[in-house]
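K.L.:
Sequence:
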Amino acid sequence: MARHPYLDAEGPIAFAHRGGAEEFPENTLRAFRHAVELGYTHVETDVHATSDGVAVAFHDDALDRVTDGRGVVEELTWSDLQQARVAGTDPIMRLDELLEELPDTRINIDPKSDAAVEPLVDVLKRLGAVERVCVCSFSDRRTQRVRDRIGERLCVGAGPRGIARLLAASARLLAASARLPAPGSLDFHAAQVPVRSKGLTIVRPAVVSAAHRHGIAVHVWTIDEPAEMHRLLDMGVDGIMTDRPAVLRQVMIERGHWKA
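Going by my numbering, the sequence shown opens with residue 26, and the numbers climb by one from there.
You can take every hint at face value.
Straight-line alpha carbon distances no greater than 25 Å define the calculated SDA-like cross-link-like pairs of lysine to any residue that follow:
#1 LYS223 to GLY187
#2 LYS150 to PRO30
#3 LYS150 to TRP103
Read the hints as simulated data drawn from the structure, not as lab findings.
All figures in this text were calculated on a predicted structure; none of them were measured in a lab.
Given only the sequences and the hints, what does the whole structure look like? Please build it.
P.N.:
The following block contains the structure:
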């Protein structure tokens with residue numbers, strides 16, 4: 026696919042995963058602001074919807090793990106969520122608040138439920154923020170629903186089917202006599218993947234090469250150790266998501282990639 030403006034960067038992209046979940050309470054304004062103050066241009070978050078249709082930057086289905094509140098997000102109103110505090114200190118953010126508070130920041134968004142699709146689309150359209158985000162979900166159907174509602178201006182990451190096609194393309198690349206998939210058959214802008222999943226190594230040189238041959242960026246999550254960051258950057262990946270933004274920043278500085 027043609028390169029999307031969201032992916033424009035001089036060198037690999039550093040993403041603060043949930044704002045940098047090991048350095049500040051995850052998915053909070055404090056975390057995101059800290060990442061931006063470090064010089065991050067891209068952050069990652071998740072989106073759920075409340076029972077009254079408010080898109081919120083929140084990862085879990087329920088409040089219990091990371092807040093002092095209880096209950097399933099989709100069964101609670103926005104007023105209910107306003108009473109909860111992440112790590113006992115920080116309010117839960119609405120997605121529109123995040124986009125407005127950080128107007129120059131690009132945001133990777135994982136819609137965590139089907140109920141989040143319409144509120145997410147509404148926020149992106151209302152704020153004119155479509156080209157500032159990349160949407161990637163573990164559900165191919167959910168990503169496609171967002172894409173159908175917004176159109177080709179949206180940057181999208183591969184879901185499970187897309188990753189399977191990319192792995193197949195990398196296998197064909199290794200077999201010199203085999204025919205590669207036709208350009209455009211991999212209809213997403215980025216492959217955002219863990220190094221390994223279910224015993225299978227996903228991020229390896231052949232996969233990175235196959236992705237690049239089709240104009241697809243490879244972003245790897247969630248990487249928190251400097252040695253692994255260096256190894257992946259040496260392999261040629263296009264971005265790293267981390268819970269430790271200060272650590273990744275230092276690695277990028279050492280490699281001459283930090284432009285902020």
